[in-house]
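**Student:** In case you want the letters, here they are:
Protein chains: 2
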Amino acid sequence: MTPDTLPKPRKSPVQARSAATVEAILEAAARILESEGLDGYTTNAIAKRAGVSVGSLYQYFPNKDAITAALVLSDSELMATRMQEVRASYTARPIRECIDALIDVAVCHQFDRPMLARLIDLEEHRLGQDFGLKAAKQKIVMVVRNLLESSEIDLPFDLDTTTQDVFALAHGITDAAGLNGETDRAHLNARIRHAVLSYLGLPTS
Amino acid sequence: MTPDTLPKPRKSPVQARSAATVEAILEAAARILESEGLDGYTTNAIAKRAGVSVGSLYQYFPNKDAITAALVLSDSELMATRMQEVRASYTARPIRECIDALIDVAVCHQFDRPMLARLIDLEEHRLGQDFGLKAAKQKIVMVVRNLLESSEIDLPFDLDTTTQDVFALAHGITDAAGLNGETDRAHLNARIRHAVLSYLGLPTS
DNA sequence: TTTTAATGCGAGCTATTGCTCATATTTATA
DNA sequence: TATAAATATGAGCAATAGCTCGCATTAAAA
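Heads up: the protein sequence lines correspond to chains A and B, in order.
Mapping the first sequence onto numbering that gives the first Met the number 0, position 91 (from 1) lands on 90, and the numbers just tick up by one.
Mapping the second sequence onto numbering that gives the first Met the number 0, position 151 (from 1) lands on 150, and the numbers just tick up by one.
Please note that a few of the clues may not be correct.
No copy is singled out in the list; a pair is fine if it fits within one copy or between any two copies.
With a cut-off of at most 20 Å between alpha-carbon atoms, the simulated SDA-like pairs for lysine to any residue come out as follows [to be verified]: (1) LYS10 x VAL53; (2) LYS47 x SER204; (3) LYS136 x GLU181; (4) LYS136 x GLY180; (5) LYS138 x ALA79; (6) LYS133 x GLY180; (7) LYS136 x THR160; (8) LYS138 x ASN179; (9) LYS133 x GLN83; (10) LYS10 x SER88; (11) LYS133 x ASN179.
Honestly, the hints are just simulated from the structure, not real lab data.
With these hints in hand, go ahead and build the complete structure from the sequences.
**Tutor:** Laid out in structure tokens, this is it:
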């Protein structure tokens, strides 16, 4: 029914092999979500694909949701890191180029494994954000928000709304393209770029 | 006794009460998806909320997926009908007004029950499209495709791509707004209108 | 080496889910 | 009214899920 108490850590890996186990579990979970969807996403299947036993799995994760939460969190943190890096390395260059690079990061993140991205999105909302996810998400949003704020662009709506919509429309286009089986990432980038720039009132150039 | 010994397609409602049962089941299924998500979405729960027994449920649906498929299909058909109606009643008026009306239809469809819309979307891809869904989806797409084709707009990309992206970005913005708890539909409409029109290279007016 | 802690294992318990079937009740038909 | 057809019921079955627990194995500490 209502989401249970938050997934709390069980054991922390101390030796190298256990860290590898944890990593294998998370990777297996991602692969199963990607290839089998929620149907095949069982703890037994995860353990099997990871090459470990269920018992080992439950030594590091208190329950199934904790695995999903760890997956979701690491996904967001990776995204946050990448976007911050891009932003940092483009501070001295025209904003248009930074936008291009950020779009490419976002598209890469979602486009190659569309089903995984979609299911992670779904699980995010089921699990809530009380496990560090909110902070990671905030980092991601802030990159774009700060970029827009520091720019001289005359935004079509208020700063937060504009930021949210830019993310949302890019996400929507990528999602549709991914599920549609498209493979041309450059073309996808161009379309999102067009959508974002025109939404912001900038010349598509 | 029974003429057929093999599993045959389920009954079609003949009497009025059975039609009501079918309707109650579909409505209950939608309500459960909306309020409980996939977790609470069990056949027993559906039957209970519909006020019928599981046995009755399985007289009209061969399995759980058939319920979901019926839900998905009726959802798409409703959308197709509404969009075709709007398109028909706006043939003599400026294309901008038609776009506005179509956006409103799409937003209404998704915004009031965002979780339901999201889960229906997910299930669509799990179930495939071999139950009449493809036709309904095609109807929806065709409304916008024909509108764009017959217009004098210089499209930013080819017709199909542009059509898909317009849907996708509107969908993305609505999805984010819905999950974000927004309630101002007019404001949402304005934002999507801005996104669509600028994507199409039309003045936001 | 011996001892202790960390890690790994997987059969199987408990709860739940999708679904059936024998039976009961309501409606249509003769 | 009598008979058949349609509809409704819900206890319970088979399958499967999440998860535990006693024990085996490996690595670190003494």
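**Student:** What are the numbers of the hints that this structure violates, sorted from low to high?
**Tutor:** Result: hints 2, 10 break, sorted rising.
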